[in-house]
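Asker: Protein chains in written order, with numbering that gives the first Met the number 0: chain A, 0 to 382; chain B, 0 to 382; chain C, 0 to 382; chain D, 0 to 382.
What the hints contain is simulated information worked out from the structure, not anything from laboratory work. Just so you know, even glycine gets a beta-carbon here, dropped at the ideal spot from N, CA and C. Hints are not guaranteed to be accurate.
Listed next, with one range per pair, are the computed distances between beta-carbon atoms [to be verified]:
1. Trp174(C) with Pro299(B): 27 to 33 Å
2. Arg313(A) with Asp297(D): 43 to 49 Å
3. Asn30(B) with Gly377(D): 54 to 60 Å
4. Lys143(B) with Gly377(D): 52 to 58 Å
One side of the interface only, derived from the structure: several residues of chain A facing chain C at Cβ under 7 Å [what the hints assert, rightly or not]:
5. Phe293
6. Asp297
7. Lys300
8. Asp301
9. Arg302
10. Gly304
11. Phe305
12. Ile308
13. Ile316
4 protein chains.
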Amino acid sequence: MARTFRVGLIGYRFMGRAHSNAWRQAPRFFNLKANVELHTLCGRNTAGVQAARAQLGWQHAATDWREVVESPLIDIVDIGAPNDLHAEIAIAAARNGKHILCEKPLALNVKQAEAMLAAAQKARVVHMVCHNYRRIPAIALAKKMIGEGALGKILHYHARYAQDWLVDPEFPINWRLQKETSGSGANGDINAHIIDLGRYLVGEFKEVCGLLHTFVAERPLSDAPVPQRGSTRKMGKVTVDDAALLIGRMENGALANLEATRFAAGRKNHIAIEINGSKGSVYFDFEDMNRLKFFNGDDPKDRQGFRDILVTERSGIHPFIGNWWPPGHLIGYEHTFIHTVADFVNACVEGKPVQPTFEDGVKNQRVLAAVAESQHKGRWVKL
Amino acid sequence: MARTFRVGLIGYRFMGRAHSNAWRQAPRFFNLKANVELHTLCGRNTAGVQAARAQLGWQHAATDWREVVESPLIDIVDIGAPNDLHAEIAIAAARNGKHILCEKPLALNVKQAEAMLAAAQKARVVHMVCHNYRRIPAIALAKKMIGEGALGKILHYHARYAQDWLVDPEFPINWRLQKETSGSGANGDINAHIIDLGRYLVGEFKEVCGLLHTFVAERPLSDAPVPQRGSTRKMGKVTVDDAALLIGRMENGALANLEATRFAAGRKNHIAIEINGSKGSVYFDFEDMNRLKFFNGDDPKDRQGFRDILVTERSGIHPFIGNWWPPGHLIGYEHTFIHTVADFVNACVEGKPVQPTFEDGVKNQRVLAAVAESQHKGRWVKL
Amino acid sequence: MARTFRVGLIGYRFMGRAHSNAWRQAPRFFNLKANVELHTLCGRNTAGVQAARAQLGWQHAATDWREVVESPLIDIVDIGAPNDLHAEIAIAAARNGKHILCEKPLALNVKQAEAMLAAAQKARVVHMVCHNYRRIPAIALAKKMIGEGALGKILHYHARYAQDWLVDPEFPINWRLQKETSGSGANGDINAHIIDLGRYLVGEFKEVCGLLHTFVAERPLSDAPVPQRGSTRKMGKVTVDDAALLIGRMENGALANLEATRFAAGRKNHIAIEINGSKGSVYFDFEDMNRLKFFNGDDPKDRQGFRDILVTERSGIHPFIGNWWPPGHLIGYEHTFIHTVADFVNACVEGKPVQPTFEDGVKNQRVLAAVAESQHKGRWVKL
Amino acid sequence: MARTFRVGLIGYRFMGRAHSNAWRQAPRFFNLKANVELHTLCGRNTAGVQAARAQLGWQHAATDWREVVESPLIDIVDIGAPNDLHAEIAIAAARNGKHILCEKPLALNVKQAEAMLAAAQKARVVHMVCHNYRRIPAIALAKKMIGEGALGKILHYHARYAQDWLVDPEFPINWRLQKETSGSGANGDINAHIIDLGRYLVGEFKEVCGLLHTFVAERPLSDAPVPQRGSTRKMGKVTVDDAALLIGRMENGALANLEATRFAAGRKNHIAIEINGSKGSVYFDFEDMNRLKFFNGDDPKDRQGFRDILVTERSGIHPFIGNWWPPGHLIGYEHTFIHTVADFVNACVEGKPVQPTFEDGVKNQRVLAAVAESQHKGRWVKL
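Extracted from the complex, chain A is given alone in its bound form:
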């Protein structure tokens, strides 16, 4: 009979909702090798976490993450808290022998990330960083095709992650705009994703030249209405980057061009990736996430063109999606977390590593750090 994993999830807001849904749905659509129990949801605000517990379907609520990581009832610790808490929680969880799924970026800096990896390795627990976009069916298909040589030798990795939620200068400060809690801005939050996809699909970065920029240096402390005449409005300083750009070279000779910004009006979650190889190319845009565009240089000359692959075919043809609905029936954002959790659970049962591990998290963090260093020094930085 299958064993059961009891899960403790730290964080109940955006990522908390997405991860809760993943734990709930994964067993319904994937034949997991273990049962999962949504055991404890943890957050600092008592009322908030209690309401979330009921809404999201957890058995228990807690306000101190130490209780969760130390509880003998818990098998898996899932970290969806702000970035500054990742390292401390993860290291404690590892010491307590819990398997760990941690949101990205892995940590505030390389040192923290390395400590997390060391702790997890020492404890021999399964560790995974939640770069959920790897398990978009279209991305997983691209990985498979590239692995099979469909693109030949890779020459270009061109990626842009563009959002627009900060274009409005009235948008208030939050923890993602504070260096202490977030580590960085667009760099760690969204550049990290396209760095990860580059590492996954193309290979390791060798050297980079980066640029970080803050367009709006000061923002309201809350979204309270503009105060009356005579009073003073409370403003806070934005201490992270609004946009992160880099050009670089990868170990395998490919050129890299990455841009991450929260200031591209009209782009909501536009992860636009193009990979060009000596035999073909692929293009992907998250705002059209069920599709992969593929140019095959081996097609007959008169009928070459980017194929618009709707990645919704049954199991055995397209990755992950066959567990859902018939061809042509789309899936969405949340499914990427469900796929991640499904693979993580099976890895925990088998005690095997599951990509992307904390090692991937460390390598990602090094690229983020190199971008910052390059910006600081005004020159290229080797990895």
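Chains B, C and D: place on chain A using the hints.
Answerer: This is chains B, C and D only, laid out in the frame that chain A set:
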């Protein structure tokens, strides 16, 4: 304290999975006015329904739908069985005072549909036909915009529902290809959806001229491999239409052009709808279901063009989607059922009608019948 | 040494400009088997035709088309005058032994068209109707692919020609809106084009059921400003259809669905064609005229999808376009006329038929007539 | 009565054909303030230039460009020769008082470019560098909209010019791959175009960090077939860059990201430009050159989205295009040259500067040089 509805679902295959998921997810993402309990899942095959019960998260399994509709424990009967069972189940459920959600097409013919409506009205239960596509955020937005007059007077309703799962002549016979169980082919299965969207977004049909056609008249009885030489292959007769086309006039003067086919290679679930009005147009394609294209004739002349609206903004701006994820984070096929169930539950609490009712189902069935009559007589048919 | 054809062109407005350009440009980009001379431009308005002659580069101007067709100096008569003049001019030109290129629709009715064909055949002149869209490179490529069997057996021809220039009820009456000069409205003007493309790419129509509709029955006589209060505005009656729809069956078993309208807000010259066959599909939109979308059912299952073929490769790969610019460098509307003229000139030299001939024009006219008859009788009409 | 300009064009291959066409067509579609005469076509190969003269419609042919620039019969010198000849020809033409239209990049280096500008200024002739893409109607519309403030303050300029004609390592060496004749590779040939569009639409570059890379270092000397076993194949060294990337900051605070490559399989002439401002964004792709995508942050919240503007409306609404065909009828690559020539001719008549002048050429050349210097030094370079 909120009351609880116990649900009995008849059918556990494609629609059974979609509806189960909807019942499970609706309370997690919408503030329903009642609790729901996934009480009984019903299907004819004992082993099949038991396995499905466990996988899909129902408390009980049953093999006789009469038990479900007669059980005093059940409040809501959800009908996802083949079309030939809809009428009998729904009428029995109504007589037992159950609220009813029924898959489309409502029935095998107009007479059955009318009897279902009469039974539901007599029993004063809430009745809804599951035209889930009405609750795609993009479609709901189109409805709102049209209602506000953004398109002016409607002139054209052009719709195509194209799939390709029958292009392969080796695809075996199933209940959807048998008149006895299905009533019709592309007409009732998919033309019904674009008829419903036309009725929802534009208005009632006034007269139609239709064409039904079967491209492949005979198919293997199962997907077993082609038999050895010397033996005879078992073939079955396809007794429904493979494609249904119609041109027509609507009550409000708009012209209609609908085409439903399962023989359009490369089109997986291509519900392509264009509505042109005196002031603007909208275009929608289900294979890109998070978007609505909108042409506004009132935009300045030099910057008119179809807007590509990513219908993922927060509550208060875009319908339904705000209960899910931040802007730019897509949803998929299954969400349309969750939205349907959420509205249905709230209507059951309030004892109010919820569109589309069985009356909509009857009207839809009349259009389906008019298409068939028109094909038979070779001339226009008034509704 | 190559011979020289002297051309006389009747008509100097929209079609006059397009044809003049074609005669001027064809020898510069195609190796014609004869020289061409832009000899005489003819139009009824003396000042107008003189100004046009200078602007468009013709040697002489004339105001009486009879002079042109009877002139011993003229070898080719190109007819770009309103539809009611086609028959008379063409028949006279044939009798005078001129090769004839005539704008579409060939005539006001089938009888006229048949007389034109008979006259041209009797005179053994080369005759061509200017369905210029056949020579869009993407369409010519589709023709080639279909001929090679890339789509298998054709099942569906779905076409829509949508414009929006009449949505504004203030748009004044012109000759295209008068039955006497135009013969019909959307039917002959634009439905004729998609009928032609259907005949070219798929095959002959067998039976149709059609619908003709006029949305705006009365329009201002000119685009003069709305008159002062007290005075009466001069209005004219629209005597042709604003929209023409048809469903039909083709000789080879394919189903047809055509819609032509001038009332689709936002659609400027949207000729959207989809052809589905047993092995694949093609899709084309004139507003993106340098591309052909092609779905190949023989592609590996995991990488099927509509290919976005940019039809701009060099000669030997893609039709016509190689005479222009390097790959990726687009051509436009006017080029379709240049390709038509180039093929016409070579056919004149060789004395061979060149598609589409007046016979194609006659067959097209029969479909147009069948649509009108079907509308009149409210039933299907066989061809 | 209008005066007449006699044109001498140096170069008869790709640019020679495009410029010849422009000179021939401009007077037919634009009301030029002068007549133009295609007087002399000049090229080094006698047979080649004679054949081209006849094909392209020039009165005379010459093999020595000095004859052309010194001829008292010539008013305008149009330079379409390889890059290494631009400076010498242009300076001589200026000294002879000719107005000068010169292909891009203006020169091999900044010094040459500055000398050309000085010579033209001294001679008080009209001078223009042929950045034809400025006069794509969609780009001219973007310029107008940005000038009117439709995007607010510009934050991002993201541009990619991707081609694929060098992906095949068998593609032979030509003058564009030799530093002596071309100056640089992708940098001067195509990066120059997106630098120009950035300068035109956004503003001056302030500092850049660039990367130049050559993927294929050696190529066949000709496209002769691979030689027999035993013989040695003649190979040549590629001495220019295959790809040029840069990140940068612009004077007005916008961030820049440019990538130019000839190694992007499937991209034929993909000039993809996105400009994000505080109020909106525009997107353009040359492979879809008749369209401009525009996101207007001032649209109502529920119906925001990139508008797909088909830039084909009549004069007074959209730039340039109104001189061609009715709305929805596309134009192509060659038209950008015709628009350029039309504006150039009118500027010559008026004796006024016409953008982009040689001064623009000089500034462009400085950015190209900064990219090369940055690559050499491995750090940022200020302009």
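Asker: Is 27 to 33 Å right for how far apart the beta carbons of Trp174(C) and Pro299(B) are?
Answerer: 31 Å, holds
Asker: Classify the hint on Phe293(A) as holds or violated, based on whether any CB of chain C lies nearer than 7 Å to its CB.
Answerer: For Phe293(A), the interface hint holds, since the closest Cβ of chain C sits about 6 Å away, which is under 7 Å.
Asker: Okay, Lys143(B) versus Gly377(D) on CB: inside 52 to 58 Å?
Answerer: Because 56 Å falls inside the window, the suggested range holds.
Asker: Should the interface hint for Ile308(A) be scored as holding, given a Cβ-Cβ cut-off of 7 Å against chain C?
Answerer: Result: holds, 4 Å to nearest chain C Cβ.
Asker: Double-check Arg302(A) for me: the hint is only fine if its C-beta lies closer than 7 Å to a C-beta in chain C.
Answerer: 6 Å, holds
Asker: How does the Cβ-Cβ distance of Arg313(A) and Asp297(D) compare with 43 to 49 Å: does it lie in that range?
Answerer: 45 Å, holds
Asker: Report holds or violated for the interface hint on Asp301(A), using the least CB-CB distance to chain C and a cut-off of 7 Å.
Answerer: This hint holds: Asp301(A) lies near chain C, its Cβ roughly 5 Å from the closest one there, short of 7 Å.
Asker: Given the hint of 54 to 60 Å, check if Asn30(B) and Gly377(D) actually sit that far apart at their C-beta atoms.
Answerer: Holds, at about 58 Å.
Asker: Hey, does the Phe305(A) contact hint survive, CB to chain C under 7 Å?
Answerer: 5 Å, holds
Asker: So, as I understand it, the hint says Ile316(A) touches chain C; can you test that by seeing if any CB pair is closer than 7 Å?
Answerer: 5 Å, holds
Asker: Does the closest beta carbon of chain C sit nearer than 7 Å to the beta carbon of Asp297(A)?
Answerer: 11 Å, violated
Asker: Holds or violated: the hint that Gly304(A) contacts chain C, with Cβ atoms closer than 7 Å.
Answerer: 4 Å, holds
Against the hints set out earlier in the document, a violation occurs for number 6 only.
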